[in-house]
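Visitor: Line order of the protein sequences matches chains A and B.
Here the first sequence is numbered in numbering that gives the first Met the number 0, starting from 0 and rising by one per residue.
Here the second sequence is numbered in numbering that gives the first Met the number 0, starting from 0 and rising by one per residue.
Nothing false has been slipped in among the hints.
Quick look at which bits of chain A chain B covers, simulated, 3 or more residues with Cβ under 8 Å:
#1 167 to 179
#2 457 to 467
Here are some, though not all, of the chain A residues that point toward chain B, as calculated from beta-carbon distances under 7 Å:
#3 45
#4 116
#5 128
#6 131
#7 132
#8 135
#9 138
#10 143
#11 144
#12 145
#13 146
#14 214
#15 215
#16 502
So the derived label-pair ranges between C-beta atoms look like this:
#17 101(A) to 104(B): 13 to 23 Å
#18 85(B) to 102(A): 20 to 30 Å
#19 501(A) to 85(B): 22 to 32 Å
#20 50(B) to 361(A): 49 to 59 Å
FYI, nobody ran anything at the bench for these hints, they're computed from the structure.
Computed from a predicted structure; not experimentally measured.
We put the beta carbon where it would ideally sit given N, CA and C, even for glycine.
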Amino acid sequence: MNRHDLIVIGAGPSGLSAAIEAAHAGMDVVVFDENARPGGQLFKQIHKFFGSKEHHAKVRGFRIGDELLKEADAAGVRVELDSSVLGLYPDREVVVRHGDEVFHAKGDAVLVATGASENTLGFPGWTLPGVIGAGAAQTMMNLHGVRPGDRVLMLGSGNVGLVVGFQLLQAGCEVVGVVDAAPRVGGYGVHAAKLARCGVPFYLSHTIVSAEGSDHVTGVTIGEVDRSWQIVPGTERHFDVDTICVAVGLSPMSQLLDMAGCDMVDDPKRGGLVPVCDESGATSVAGIFASGDVSGIEEASSAMIEGRISGAAIADYLGYLEHEGETRRVGELEGSLDALRQGMFAPKNRGTVPERTEEGCPVSMNLLEHGFLSDDEVLAYPGVTHAKGVHAVIECSQNIPCNPCQDACRKGCISIGKNITSLPVVVGDAACVACGMCVASCPGQAIFLVDEDAGDGFATVTLPYEFLPVPSVGTRGRGLSRSGEEICDAVVESVRCVSAFDHTNLLTMRVPEDCAMRARFFRPAPADADEEAVS
Amino acid sequence: MSRIAEHPILGTPERGRLVTFSYDGRELQGYEGEPIAMALHAAGVMVHRYTAKRHEARGVFCAIGRCTDCVMVVDGRPNVRTCMTPLAAGMDVRTQDGIEPLDPDDPRAVRLASMVTDAAERGGE
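Excised from the complex, chain A in its bound form (with noise of 0.2 Å):
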């Protein structure tokens, strides 16, 4: 039977934190994960991360897995693939599958760190093909370049639910409309903003009331449900689709830890049956740890930060730190962790909804209840300001741990201050050089530049434009409100792709000047589509 010093099950963002953390400390360190590839879900995830600098804000999830893995292998840290675990024994032995092959291994200490598993829901005709969890459709488009279907419908609206339904869209799927059951959106605003403005519809309180199709899925129909969660009769609404795309949650896989005879609690707030662990992840069992969503649903930037801290602590455990500097490092780390865990969409905060943000502003309703902020709220909100000439206007509405904007301008125009969950603040008698780089950095894609009097009755509007095919100079299309709606005739004046936005496109459209603060989207006319566009 092997030994090692530290054994760690998961690769993920959280496993892998944890075993670079213990290899610099000189640990003997082996990961095993039942994927042919390391990195969990980070490669699937295709967005710019929220948070700031130190949580790798406004990079995108597969460049921090690129990262993870070269840092993984610089610190020796020795990964087996396609291995399953399928025991943990209190002794911190572990049971793993290799092909048709099962082993015994030895370790001085475990982390598992096995994330979670999509839940589902059950109702008629929840069980056809067709019907996908929305992991599913991220491993499907993000990581095999297949497109899940053509038409889809969405079921939740947590971050999972809007992030991948904006994926959807950048696959060239259709996305038919968010549907969740709670009354209001339940993920970041800035997220369903992006959906609403493509003209994606939400229905909030309403549910699936059935999937239609014989041996897979060829329509769906839903309906708006009562507060005791009932359909209403006359409310349905039928959608032809081949797809319906489940993001309801996720559940901790915590069963090894079950199995090891650690303590458990099912806490609804962490997503179910979670460990009893300390801050550094340890459990009930000496020398057993965990760390990452296996110990409380959160999301990849703290699973990271919370495997280094268990990587730090495992490490001082096995008398591998000097206490003194595992306690300055794990200080630092708790730091960066708290900054994640502020905000209204903390953990702590989960299943509440304010009234207004930490700044006294209202919180918009519209927003929880359709997905934009209306023309009238979006006036509430301190980055959005009237100025002569290009200004950015940041419709940034909810308290949530991201800085990326401020760091970006080097003008000094936006101001969030040292509590990153602040909203940003456009500076009054800054000068913007429209260089764009806020626009790109902006993780929830909630910044514009406007120059509302361009001349001859126009303004210009540029926003981020994460599609295919990039419209060229010239191209004739139409204005689309925060809503989705077409409200005016737009042409593209200019198109920025430099490697600094990484893939965010600021296009430039030219709108009538009372659409300035109104229009946020371009779509192009369907001739133009075909004959102007580039790629």
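Following the hints, complete the assembly by docking chain B onto the known chain A.
Guide: Relative to the frame of chain A, chain B by itself:
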């Protein structure tokens, strides 16, 4: 065709060699090394198996090896998770009907059979 030719963020997807495989006796093409389920999906195949009791169709659900809804008979071996198994040239992939029994010579089948016999004997005491 459900292959993404060019993606706005990821560019042109990296693919293996184009290979031929057999699906229920029909010749299909896919890329070597991609999960069998992806090649089938790109070719428009939705049904991977039928359930044992009610003969209902099942296909890809989780695509990461958790749910086992996508299992098929691959090269004569039943219960293969097609979302996790890489495609190889010349593979024989068949729709699975119910729960395919193990080969009677498979050591696991021998062990199962003896457990069933033991239980029956104890029940008869």
